[in-house]
Every structure is written in structure tokens, then in C-alpha cells.
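*Asks:* Here is how the chains run, residue by residue.
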Amino acid sequence: MRKSGSFLLLIALLFGLFLISLLDTAGAVPEAEERLMHTRALVTALGLTDPALFTEARYTRHLSQADLHSAFQDHPMALEHFPSGSLILPPQVGSGE
Amino acid sequence: MNFFRRQRYLVDFTLSSLLRRKGKNLGLLLVYTLIVFMLASVMLFTHGLKQEIGKVLQASPEIILQRMEAGRHALISDAYLEKTGELRGVTERRGRLWGYFYDPAVKANYTMMVAEERNLLGTEVIIGNAIARTRGIGPGDYITFRSHDGETYSFIVKGLLDSGTEMFSADLILMSARAWRATFGVAEGWYTDIVLSVSNPREVANIAQKLSRRMPDTRPILKQELLRTYDAIFSWRQGILFVLLAGAIMAFVIFAWDKASGLSAEERREIGILKSIGWETSDVLQMKFWEGAILSLLAFLCGYLLAYLHVFYASATLFEPVLKGWAVLYPAFRLTPVVDGLQLATLFFFSVFPYTVATIIPIWQVAVTDPDAVMR
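Protein chains in written order, with this note's numbering: chain A, 1 to 97; chain B, 1 to 376.
Among the clues, some could well be false.
As a list, the in silico DMTMM-like pairs of lysine to aspartate or glutamate whose alpha-carbon atoms are at most 25 Å apart [stated by the list, open to error]: (1) A:Lys3 x B:Glu280; (2) B:Lys210 x B:Glu82; (3) A:Lys3 x B:Glu82; (4) A:Lys3 x B:Asp283.
Stretch-level coverage of chain A by chain B, calculated; a stretch enters the list once three of its residues show a Cβ under 8 Å from a Cβ in chain B [as the list claims (entries may be wrong)]: (5) 10-19; (6) 39-48.
Simulated from the structure, these hints should not be mistaken for lab results.
By construction, the Cβ of each residue, glycine as well, lies at the ideal position given by its N, Cα and C atoms.
When you get a sec, could you build the whole thing from the sequences and use the hints?
*Replies:* Dropping the structure here:
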């Protein structure tokens, strides 16, 4: 086979996989829906407010519930020192004032 | 038809030319794919996480009322709970009991919470899957906590929380109110905060204002604020991950620019020979266009597909150490596959277009000059 033929075949294969990945997102995933439903039920029952992504400090565990200055509360001039503090923005609060 | 046949011959020629410098071009393709993979992984992961958290948090309480004391979150008494009941529009109100517990045995922080609806006995707990994994325990085993006054209490693990909910329940310990109060030394009639349900979502801001006026030492946190906080999570504007990534991208841009724009003597001679045997400037340009397009298209498709598998089918394993930080407990979760079309188009444009253009421009400068001068 000519080199261009093999190349076109490779591109067609990769593009096919690319389309499959798009279809994968478009198709309803029953397992994911069920998981979401269970999580929402737990959140409603317990009144949960935050995901358990960063459990290293109390203000990163419950980002939305933390005091606004919590990252700097240890002592004057204390800077944020937990790694997740460098990944996430501070809570976007204010309209409840 | 002639056009396609001609392009095919050009692709044949370009592939042979690329394969002649196999090591260099494969190296470039590898680095290029890796950069697209990293960018696409970050993009898919943050988008997937935002979507998932956003959907779940729609079920969270409309208003959470915290009492503030000397600028810090403090316990709230049932007198406040009664006051909130006088507000019109509030359909349900209850005090929540939750707190943090540091377990020195595994150096992990747990979130201890009361779940009245589970009807747990004073000696029973239900734990999150990450705790069970870290402590190596399961249903029927005992877990011991040291209370606020130094007493130790043993609890039997009645069950584990659904593993599908791990993103929200990894570090949770559910117990009875009696056990929780005994562990933390919180007297009856005091709560961590108050949860309010509102029948009309448009009334929420009004009710929050009324709460602040009636109870000036409280801070209402609205569901909208939770959603905003998690919508801004891992914002593209911020974060060390992106600073590091920006460094890697800049290094690649310099590498690719050098490779694409700085023509080697061999390439110059090749163009000279092609022109002297009858190739036109447009042919040389098309050939070089194919060279850029082949490399960047392959890198984009491979990088994106690998990122898709990494994020949605391998639980974004490479990001785990970054997200975990110093935490001991980390939820094992799988995101629902979701792709943002605009982000994907942006990634395609910025990964394929610049490299292809960077390949053509210097070639055009050489290709328009006299072949004799180029070969000398």
C-alpha cells in the first residue's frame, strides 16, 4: 500500500475514535445517571454543601462554608500553605450580605 | 480528481521526507502529543468536574445560616432556629450537627455528621469509602474515637456509604446526635449551623436579607454562592497547575518554532533540488503544508484521545497527586463523559493552526528565491 494510503487509514481510524468519544458523551449513560441520582439524594438528606475533594484542611474541605479570611488565620502575615490552595479560587460569596 | 491525485502524491512525498528524519520527527510528534494530552486532560477534567459538582449541588439546601462570633463561625442555638420559623417563605428548617475530627492513627481529617433519618444507635456509625480504605475496616468492624474530654468511644461500623457517592461522601462519618454531642462536648440546643428550605427560589435573596437584619450576628450562605464557588473552581485564570503548564507550552512553542522555522542546510538543499527539477513554488509550499498538517493533526487526535481515556476511563490518575495535596483521604470517582464543543474547537485551533503556519512561512521565503542561490 502507498504511504499516503496507510496515512489516510490511520487518520480515518483516529477520526473514527474521535467521533466515538463525542458519541460517548452524547449518549445517556444510565450508570452515571444512577450515580448522580444517589449522590443528589445523599446531598438532600444530609444537607451537604461541598464535595470531599480536598480533605487536607477544614477550609478546603468545606470551601463554601469557610470564613472568608480562613487561609490567613493562623498568625499575622501567614500565607496559604496547603497545596490545594494553589489550585482553587477563594469562595465566591457576597450576595447574602 | 486531478487535484486529489496531486495532493496524494504530495502526501506520499512528504511522508517519505518525514521518515528520512525519523528520530527527529518522531521525537517532535511525541512531545507535541504530550502537550496536547496535558492541555486536553486539564480541559476535560475541569469541565467534567464542574458539570458533575454543579448538577449535584442543585440538590443542596437553599440557605445555610451560620452564626459568627469574633469574625469566626460559631455554634448556633435553637433560639435562632425558632426565629427563622417566623419568616414567611421558609418551608423547612433544621439544625445541622457536623464537625471535623482529626484521626492521629492515619493522620486524616474526617467530617463527622449527624444523620437522624438513618436511625443509628448511639454505638453505630456509617462511614465513607475512603475512610474504610484508609483504615482497612468494613461493616461489622469497630472504630474508636477520642472524645473532647479524653474518653475513648468505640463504634461498630453499621455500613459503608454508597461508593457511587464518594465524591461527596469519602470522608463522612454518620452517627447519632447523642454520640456526636458526646464526642464533641456540644450541649443540647446547640447546632453547627441551620439549614433552611425556601418554597420560591426568587424569594431566597429577600429571605437572606431579612435573616441578616433580624440576626445581625449571622451569615447566610445561599445555594447560588455554593454553585458560584464551584463554578469558579480551577479557574483558568489561576492555579499553579496552569503556571507549570504555561512553562511547558512555552518550551514547546520555542522548540516547535525552532524546528519549523529554522531550516536546516539539508532542507534548503532539498528545496533547491526540487525547484531545479521543475517543482513550482506552490508545490513546495503545499508539500510543507502537508508536513505541518500531518504532524499537528496526528498530535491533536492522539493527544485528545489519550486525554479522554485518562480523564473518563482512568479516573484522571495523573492529577490525583496534585489534587490530593497533603490530604490522606481522597475520593475514588469516575466523571461522567462530557465535552465542551467550544473548548475542543479552541484546543484544535491552537494546536494545529500555529504549527502549520510556522512551517509554511520560512519555506515560502526560501522557495521564492533562485534554486541556484539556495543550493550554494
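*Asks:* Below or equal to 25 Å on CA atoms is what counts here, so check Lys3 (chain A) against Asp283 (chain B).
*Replies:* Answer holds: Lys3 (chain A) to Asp283 (chain B) is near 19 Å, not above 25 Å.
*Asks:* Within 25 Å, alpha carbon to alpha carbon, are Lys3 (chain A) and Glu82 (chain B)?
*Replies:* 79 Å, violated
*Asks:* Is Lys3 (chain A) within 25 Å of Glu280 (chain B), Cα to Cα?
*Replies:* Holds, at about 23 Å.
*Asks:* Between the region 10-19 of chain A and chain B, are there enough contacts, at least three residues with CB-CB distance under 8 Å, for the coverage claim to hold?
*Replies:* holds (count 6)
*Asks:* Confirm or reject the coverage of the region 39-48 of chain A by chain B under the rule of 3 or more residues with a beta carbon closer than 8 Å to the chain's beta carbons.
*Replies:* holds (count 10)
*Asks:* Please work out if Lys210 (chain B) and Glu82 (chain B) have their alpha carbons no farther apart than 25 Å.
*Replies:* This hinted pair holds, its Cα atoms lying about 14 Å apart.
When the structure is compared with the earlier hints, a violation turns up for hint 3 alone.
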